[in-house]
Amino acid sequence: MTPTNAKPYAVPAYKERTDVNTRKSNFCQPGVTLTQDGIWTLRIESPLKAAEWRELLDALTKSPDLQISELVVSRQTFDTESSALFARCIGQMPGLQSLHLTLCSMPADKVNWPPLTNLQNLHLDWAVQSYALLMHVLETSALTRLFFRGARADIGIEGHGNIAKTLGRQDKLRDLTLRNLPAGAALAPVLNTYASSFLEHQTTLACLDLSDNPLTQSECTRLWEVLQKKTALTSLSLAGCWMYNRDASDAEALARLVSLENLVSLDLSENDFPESVVPMCSRRWPPILSWNTSTSTVFTWATRSSMH
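Numbering-wise (this note's numbering), the sequence shown opens with residue 55 and increments by one.
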């Protein structure tokens, strides 16, 4: 959503059109906007060709006083040329603190990404072949927030192992989302890698989102073993992790996981639970359960603050 008090900034070489209702600047390329609400935000929401990336690079080069703090890019299919230009555009944003890529596809060729030493927030949502960018950011930046949802076929067990080990060096991370991890038999070793290489040694994490990963008893048990020691962790999301009825032992492992003592918020939406899980979980979250016996779906967004 574009801030209503956004101030337009005329990037040289761009023909500006200003919407008087939103005060949003639209430049000559459709879908490219630059707004300010405390920070400069550049949004690229329509596919650009290499020539258009080159024009944007030229405009940024001629605007050294423009300090872009947030870059939001969506629906881009990068080839070798356009990805190189995109990387050079980022190189013209030394103050970049937040980078969002949604529904983007990177080329198989290597991209020379610039240093992103000031980046604090990385959001990769269905960004295909973004492993190299993710690793570059983890190796050069001190993140406080990471959202990663990629294609399951993109990264194998070894790749997730590298991500987990590099995450282990992030000592300021407070908010982590890992969605759509490898399914089936591959999920257990991947989650165990994240648990052993990252979660066991992490002390600052406050919010963990593992939604859309089909958890079994063993994964729930392993997560509980690690997370029960994390006193800083107050928010846990397991939405869409339990899509089919399981036996009682699975339900017990889940109930123990969601009963972590320090949690103040819990998301168990989009799950299909057996009835046996209800009394187990209701002991921990009694005022906020929403049980629908017709669909066997329990829990929406639960906050412990509503208990007071």
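Calculated from the structure, these hints are not laboratory results.
Here the structure is a predicted model, which means the values were calculated and not measured.
The beta carbon of each residue, even a glycine, is placed where N, CA and C say it ideally should be.
Accuracy of the hints is not assured; some may be wrong.
Claimed, not checked - Calculated cross-link-like contacts (lysine-lysine; reagent style BS3-like; alpha-carbon spacing at most 25 Å): (1) Lys116 / Lys103; (2) Lys283 / Lys226; (3) Lys164 / Lys226.
Claimed, not checked - Okay, the calculated beta carbon distance ranges per label pair: (4) Lys103 / Ser313: 22 to 32 Å; (5) Asp119 / Pro268: 42 to 52 Å; (6) Glu324 / Asp133: 47 to 57 Å; (7) Glu324 / Glu254: 26 to 36 Å; (8) Arg108 / Lys283: 24 to 34 Å; (9) Glu135 / Gln282: 27 to 37 Å; (10) Val165 / Thr115: 30 to 40 Å; (11) Lys219 / Trp180: 19 to 29 Å.
Now the hints, each set against the structure:
1. Lys116 / Lys103: 20 Å, holds
2. Lys283 / Lys226: 18 Å, holds
3. Lys164 / Lys226: Since the Cα atoms of Lys164 and Lys226 sit roughly 28 Å apart, the hinted pair is violated (cutoff 25 Å).
4. Lys103 / Ser313: 22 to 32 Å: For Lys103 and Ser313 the Cβ distance comes to about 53 Å; the hint is violated.
5. Asp119 / Pro268: 42 to 52 Å: Holds, at about 50 Å.
6. Glu324 / Asp133: 47 to 57 Å: For Asp133 against Glu324, whose Cβ atoms are near 36 Å apart, the range 47 to 57 Å is violated.
7. Glu324 / Glu254: 26 to 36 Å: The hinted range 26 to 36 Å holds for Glu324 and Glu254, with Cβ atoms some 28 Å apart.
8. Arg108 / Lys283: 24 to 34 Å: 51 Å, violated
9. Glu135 / Gln282: 27 to 37 Å: 50 Å, violated
10. Val165 / Thr115: 30 to 40 Å: Roughly 19 Å apart at Cβ, these two residues miss the hinted range, so it is violated.
11. Lys219 / Trp180: 19 to 29 Å: At 24 Å between Cβs, range holds.
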